[in-house]
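Which chain is which? The protein sequence lines are A and B, in order.
The working numbering puts the first sequence at residues 1 to 167.
The working numbering puts the second sequence at residues 1001 to 1167.
It should be emphasised that the hints constitute simulated quantities derived from the structure, not laboratory data.
Nothing false has been slipped in among the hints.
The list that follows gives simulated cross-link-like pairs (lysine-lysine, DSS-like), each with its CA atoms no further than 30 Å apart:
(1) K165(A) / K1098(B)
(2) K1165(B) / K165(A)
(3) K1165(B) / K1098(B)
Footprint (simulated), chain B over chain A, 3 or more residues, beta carbon under 8 Å:
(4) 101-109
(5) 112-118
Glycine included, each C-beta is placed from N, C-alpha and C at the ideal position.
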Amino acid sequence: MPTTYQAIATVTVGGGGAATIQFSSIPATYTDLELVYSTRDDRGGTQNGVNISINGSTSNFTHTGLQSNGSSVSSFNIPRFVAYNNGSTSTANTFANNAIYFVNYATSNNKVFISDSAEENNASTAFILIGANRWGVTDAITTITLTPDTANFVQYSTATLYGIKNS
Amino acid sequence: MAITYEPIATTTLSTATASVSFSSIPQTYTDLLIIGQLGQSASNNSVRYRYNSDSGTNYSYIYMKGVGSGVGSGTEANATSGYITETSGDGGLNCIFKCNILNYTNTTTYKTLITRSGRASELVDLVVSMWRNTSAITSITIAQGASFPTNNLISGSTFTLYGIKAA
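Next comes chain A alone, as it looks inside the complex (with noise of 0.2 Å):
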């Protein structure tokens, strides 16, 4: 029986860090994408956004996100926006934990995906966030990009796009 869930493509950062983590030239021979990463970013904070673009493009994007800090829940609507990342001045060593599922990523239909992010923090503020995403667009996902706002992604954030077979 062919491998329901398989690994596609896994990318690692090495020491220079990484402006951007990117899929390419994904194949079109499942039915759904889990994109599962654990990053941090070398910018100050600890509340720093990663945004995501498909196939090159930032346009088209659409999201309601629900997030807690530990004190307030809080819901809001960023498009492009997916999870948060441990920055420079959060707890040393610790990355946060991100995944994204998209399902149906080959159709012509429009493409609807899941994110989560879980951003540890030993102090006060660390923050749990989910996503609804819509990307408006009837094109194959072929292209994933991840990118983080105003930073780079440092050495030893990872990420692995798996593959999923319905069938």
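With chain A held as given, fit chain B onto it using these hints.
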């Protein structure tokens, strides 16, 4: 090597349909996962489930949601169906959900389901739901609205059931 993550069945609606069912679910996995992309043509309405065709008041749930402009939470006890998510009435396939059903074959525990779902620019939802029955789950029916159903699921909606083995 044993297969850990395996598709059991998938359904893509070719016409508006009142409900979707997965029946004769094999009892050979540890957990179940349902991935869905769906919509409806009527106004906002909940997406609900029943196990083993049980329409008794044996379901309860709690949800937390964000709508961009605010947050909300709610519960329901002694319901005649469990809760997965809420769709809009825009007729598009803009709602995505991911349901984890743990230990579905266990005959000593009640069955819990956790769902992450949403519609970009409208809603993101986190739900935990319980079926107060110790029977193993052998079928799952999904329908729209508390009347089970109230409205139809639209053509193009997709639902896939996966089995996950712990060992």
